[in-house]
Each structure stands twice: as C-alpha cells, then as structure tokens.
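Could you put together the complete structure from these sequences and hints?
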Amino acid sequence: MNRQKEQQKSAVAELTAEVERLRQENTRLRESQQDTFTYIRAKVNDMLSVVGTKTLKPEELDDQSLLEFDPIGIVTKTFQHVLDSHRKLNQELHFAHDEIQAVFDSVGAALLVLDPSGSVLAYNQKTKELLLGRDEDILGVKCRAVVCGLDEEDNVHCTFTKVMQTRREQHLQDWTLGERNFTVVGQPLFNADGEITHVVMAYSDVTARKKAENALLEALQETQEANAKIHAILRSAAGSLLVTDTSDQIVLMNERAEQLFGFCLTNPREKPATDLLPCRQLSDLLCGRVHSGDDVLVQDLVFSGTDEVERTYQARVAIVRGLEGDYRGRIALLHDVTREREVDRMKSDFVSTAAHELRTPLSTILGYTDLLLTQEEQTKEHLQEYLLLIQSKAENLAQIVGDLLDISRIEAGDGLQLSFEPCDLEQLCRKVVDEFSIDKKSHRFPLDFPDYPILIEADRYAIIQVLENIIGNAVKYSPKGGAVQLAAQVEDGMCFLVISDTGLGMLPSHLERVFEKFYRADATNTAISGTGLGLTIVKYLIEAHRGSIRLESQPGQGTTVHVQLPMVQ
Amino acid sequence: MTLQREILEMDIRGQICPSSLLLVLREVNQNYVRLEAGQLEVLVLTDNRDATGTIPATAENMGLHAEVEKVSGYYRILVKK
Numbered sequence: 014m015n016r017q018k019e020q021q022k023s024a025v026a027e028l029t030a031e032v033e034r035l036r037q038e039n040t041r042l043r044e045s046q047q048d049t050f051t052y053i054r055a056k057v058n059d060m061l062s063v064v065g066t067k068t069l070k071p072e073e074l075d076d077q078s079l080l081e082f083d084p085i086g087i088v089t090k091t092f093q094h095v096l097d098s099h100r101k102l103n104q105e106l107h108f109a110h111d112e113i114q115a116v117f118d119s120v121g122a123a124l125l126v127l128d129p130s131g132s133v134l135a136y137n138q139k140t141k142e143l144l145l146g147r148d149e150d151i152l153g154v155k156c157r158a159v160v161c162g163l164d165e166e167d168n169v170h171c172t173f174t175k176v177m178q179t180r181r182e183q184h185l186q187d188w189t190l191g192e193r194n195f196t197v198v199g200q201p202l203f204n205a206d207g208e209i210t211h212v213v214m215a216y217s218d219v220t221a222r223k224k225a226e227n228a229l230l231e232a233l234q235e236t237q238e239a240n241a242k243i244h245a246i247l248r249s250a251a252g253s254l255l256v257t258d259t260s261d262q263i264v265l266m267n268e269r270a271e272q273l274f275g276f277c278l279t280n281p282r283e284k285p286a287t288d289l290l291p292c293r294q295l296s297d298l299l300c301g302r303v304h305s306g307d308d309v310l311v312q313d314l315v316f317s318g319t320d321e322v323e324r325t326y327q328a329r330v331a332i333v334r335g336l337e338g339d340y341r342g343r344i345a346l347l348h349d350v351t352r353e354r355e356v357d358r359m360k361s362d363f364v365s366t367a368a369h370e371l372r373t374p375l376s377t378i379l380g381y382t383d384l385l386l387t388q389e390e391q392t393k394e395h396l397q398e399y400l401l402l403i404q405s406k407a408e409n410l411a412q413i414v415g416d417l418l419d420i421s422r423i424e425a426g427d428g429l430q431l432s433f434e435p436c437d438l439e440q441l442c443r444k445v446v447d448e449f450s451i452d453k454k455s456h457r458f459p460l461d462f463p464d465y466p467i468l469i470e471a472d473r474y475a476i477i478q479v480l481e482n483i484i485g486n487a488v489k490y491s492p493k494g495g496a497v498q499l500a501a502q503v504e505d506g507m508c509f510l511v512i513s514d515t516g517l518g519m520l521p522s523h524l525e526r527v528f529e530k531f532y533r534a535d536a537t538n539t540a541i542s543g544t545g546l547g548l549t550i551v552k553y554l555i556e557a558h559r560g561s562i563r564l565e566s567q568p569g570q571g572t573t574v575h576v577q578l579p580m581v582q
Numbered sequence: 086m087t088l089q090r091e092i093l094e095m096d097i098r099g100q101i102c103p104s105s106l107l108l109v110l111r112e113v114n115q116n117y118v119r120l121e122a123g124q125l126e127v128l129v130l131t132d133n134r135d136a137t138g139t140i141p142a143t144a145e146n147m148g149l150h151a152e153v154e155k156v157s158g159y160y161r162i163l164v165k166k
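Those protein sequence lines, which keep their order, are chains A and B. First residue of the first sequence: 14, per the working numbering; consecutive thereafter. First residue of the second sequence: 86, per the working numbering; consecutive thereafter.
To be clear, the hints were calculated from the coordinates, so they are not data collected in a lab. Only a predicted model underlies this, so the values are computations on that prediction, with no experimental measurement involved. All the given hints hold, so there is nothing to weed out.
Once the Cα atoms are required to be at most 30 Å apart in a straight line, the calculated DSS-like pairs of lysine-lysine come out as: (1) B/K155 - A/K90; (2) A/K224 - A/K242; (3) B/K165 - A/K67; (4) A/K101 - B/K165; (5) B/K155 - A/K67; (6) A/K90 - B/K165; (7) A/K70 - A/K90; (8) A/K90 - B/K166; (9) A/K489 - A/K444.
Dropping the structure here:
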C-alpha cells in the first residue's frame, strides 16, 4: 500500500516538475516571440526610414496584423524595384557616358573640361592635335599654361576668365594660335547650388574657313572694283546711256541720261519701265519692238528732254548677251546730234545755194559767149557791153570761188596770208563805197568820219574784203532808195566803225548764228544770192587783225554792224 | 494610336504614415509590370500630408513618376510611368 502511495507521490512530483518545466518553456517561448516581433518592427522601421517615412507604431498595427500585412515583404519588394530601376538608369548613364565620350573624342573641335581654377580635368584627341602639337598628358595643368603659354592669368582676353566672371557662355570669334585661327566658346556647368563646377572650352579650327572668307572678300572687293570701273566707264560715256534687263526695266542709267529724262535709279528695287521714257520710238527700240537682223540698231530720234527743247539724238541700241550668248537686255547710247544734223542740213543747203550761185553767172557768161560766137557782126558798143557783163559775172564766180578757198584754208588751220601795213580807214571805205555807188545806184552811202585820218595796222585787201561783204549784205537786204551809213570814231587807241542799214533786219535766233559757216538767215529766198560764208570769213579776218565784230538787228528795222580794229601804235 | 490606360483608384483617407505609404507600395509592387509598361496608373486619394512627400519620392526611385494635386480636403496622387 505504502509502496503504491509512494509510487503515486513520485508520479505527482514528476508531473509537477514537468508542468513547471513546461511553464518555464512557455515563458521562454513568449519572451522569444516578443523579441522576434521587436526585431521585425526594428527592421521594418529601419527600412521605412530608408524610404523617408515615419516608424510603424504597435497601436497602428498589432503584432498579429504585422505578420499578415508583411511590411518587410512590401518594402523588400519595393527595394527590388528601386534596385532594378537604378540598374536600368545606370546602364543608360553608362551608355550616355560612352556616347558623350565618343562625341568628345570624335568632335572636330578641341575640347577642354576645366575646374573652376582653370586646371584641365579632361581633354580630347583634337586638343593634342590642334592646340598642343605634341602627345603630352595635360591633366591637372592650368589651361593658360598649356594653351596660351602664360604663367599668369590674362583677365582681359581669356575666355575662361570671362566665363568665371560673368557666369555665362562666352564666345571669342577670332583667336589665333600660331598660323591657325579659332573660334572659342566657353560654357559653364553648374551644380544644384548654382556654383560653377566645370567649364567646357571648345576651340573650333576656322583657319580654312577664314582663308576662304578672306579669298571671298578679296574676290568680292575685286568684283566691286570691277563693277565700279564698269559703272564709272558707263557713267562717263559721252552720251546718255540706258541699260535694260530681260523684263524691259531700266537697270542702269548714267548721269547724262538722268539729266535728260529727269529721273534716276536711286532705289535698286525700283526699276522704271522703259515706257516711262518720253520717246515712244526709244522705248520700242529698248523693248525689241523694232525688228532687225542686226544686234545693233542705229536710229535718229527727235524728242524733248527735261529742258523741253526738241533735239535730235542718234540712238545706238545693242542687245546685251551673257557669256553663253543668252539675252540679258539692251543697252542704248544716245548722242545729241542736233548740231551735226543742222550742219548737214546747212551743207546740203550750201551745195544747193552754191550750185545756184555758180550757175547764174555761168549761164550769163555762156549766153553772151554764144552770142559773140554765133553773131559775127557786132557793134563795138554791143561787144563792149557783152564783154563787160561776162567780166562782171566772171568776177562774181571768182568771188565765190575765192570765198570757198578762203573758208577751206581757214578750216584747214592754214589761215590766210595777211600783209599788215598802216592804212587809212576812210580811204578804204570810200573806195568800196565808190564801187558800190557805181554799180548800185539805187542806194545812198553817207559817210561820217572825223577830220583826221584813222590809221589802222591792217592788210588792205582783207579790210576791203570785209567792207565789201558788210556793205554788200546791207545793200542786198535793204530796199531800193535806202541808206547804208558808215560812221567811224577813235577811242583809246581803237577804231570803231559802224555800218548800218534800214533793211529787213533779223530775228534774234538768226542774229546769234550769222557767223556760222553756211548759215543764211533765210536760205529759202533764192532771189537773194549768197553762200553763207561771207560773215564767217569777215569774222575770221577781223579777229586776225586783233579786232572784233558784232551785229545789232531787229526785224524790219535794219541791221547795224559794229567793227572794232586796233589803230597804228 | 492612343494607348488605353487603366486607372486603379485607392482611397486611403483616414490612414496615416507609414501605413499610407505601405498600402500604396503594396499596390504598386503588385502592379509594377503594368505600371512600368504604361498600361496602368494608380490614383491615390489621401488626407495625410506626409504621404504627398514619401509616395512621390519612392515612386521616382522605382523609375516611376507621381503627380500631386491638392483638392478640397485631401490630395490626389497619380502614380504612373
């Protein structure tokens, strides 16, 4: 029994011990579980702090929910994505770096990356080739020393210094190193705080471009000079010059043309049309509306310019062609030929007049010589009369031929042979007047001379020729019964002879041209003979005596001739 | 061609940090592939101001982008590629 009791007692003790052991084990396990949760919360908080958020408090998430929510799993997964993203980003950065390095090495410009003190942090292959000219490591060396060869900073010209001072990109257009020309660009790089961390310097070799630019400038200058020469030649052309383009617009005018037409090409964008020209025929020529087989057309045009005086212009219009023979426009050169055409007309009139003047006495001579030859029996009086007539007409012919020879000598510059000697002007005048008085009984010749002789240093025959011409004209253009008055006086060693008539007189426009050769005030009046040479020769002869001549005249009031001749010294 | 995007809306108003962040990260993690492909956008409605800083910062680190818009009484945070 006791044995049974002891056995029971022992079993209870064992069970009690086991219960105690299990209680202790349970306590230990609870403590361990709490440690585990504490550890998990600490790690979760560590992870949350990495992502920058607050700690996870037990009242926000209890231990049981913590396991179910699995924040470590969430954050770990997040980190996995962050790492993947950063890995991808790193790959892109590496790729970008390689790309930049490739560009850096292959770019045509010399590139230097400098720190804020100007020391070289990186450089490309072109730097060695263009700036250094040698294979040398320049990392850490001051830019100014390796590039410019300077020991100290150049605050005035250095692009890097300007970048640092202005904190902006800087350009230097024309920088020379040896025989090379560069454009330099300095570009600052900033950090997040706005401080300059690097300066990238780019040196572009523009030597070839510079040479090409210089060559181009020289070529441009030469072209401009050539252009200026051409324009100067065109401007100084002896005549009015116009050039048109393919659309018949005026592209060039010289000064004479501007004066003639009253406009100029001041604005190169405004090209006046040829239709603006005052002469329709000229615009037709310039626009090619006048057809001809030739490239050059010559035509006389009559029109008025800005002075509103009608003149004759000889227009030479030629086609302007390019090197390939293509049509580029037309060029017109206008010469004022009014005078030439007038001379031509006067020459033509002279030929007609001279033929008439020669034929009239010749007809008389031929008529009377025929009469003498065919009529055998002639009275002495008739014979005398016929021969005097023949002699008179022959003298007329001699006079005309003499005038022609004189004018021919004067024109040729040979002059007339003059033999000077002291002559009494009154005697010469009376001699000429007496001859006219015999022949022209219809006119009176009153003379008004001083009591003393007027001695002039003259060629007797030349002065007689002068007087015959002037008095002859007065007689020709005066009505019968009119007076041709001769008056002379002396003053200051000069003799003043005035010959006046009461004849037809002249218009001012005729008066100013009476000394021109071949000019006749009224060439259409063939009843009054004359070649238009007399007064031309008179003027020459008087001026050869160092004298002068001028005329005063009014239509219907006669003409007065003033002759001034030097006295004998 | 216009890509059709699905928008997953999460209304976590009343939640504070870090729970707000963890809830959003759990959704983002679960849908990361579609988000990365631009097929999905996660729209978070929250009234926790801290979340407007932590969610965009974490999304940027994950290679995503987040736009925050303040509306009456809460914030709209759109997480997308």
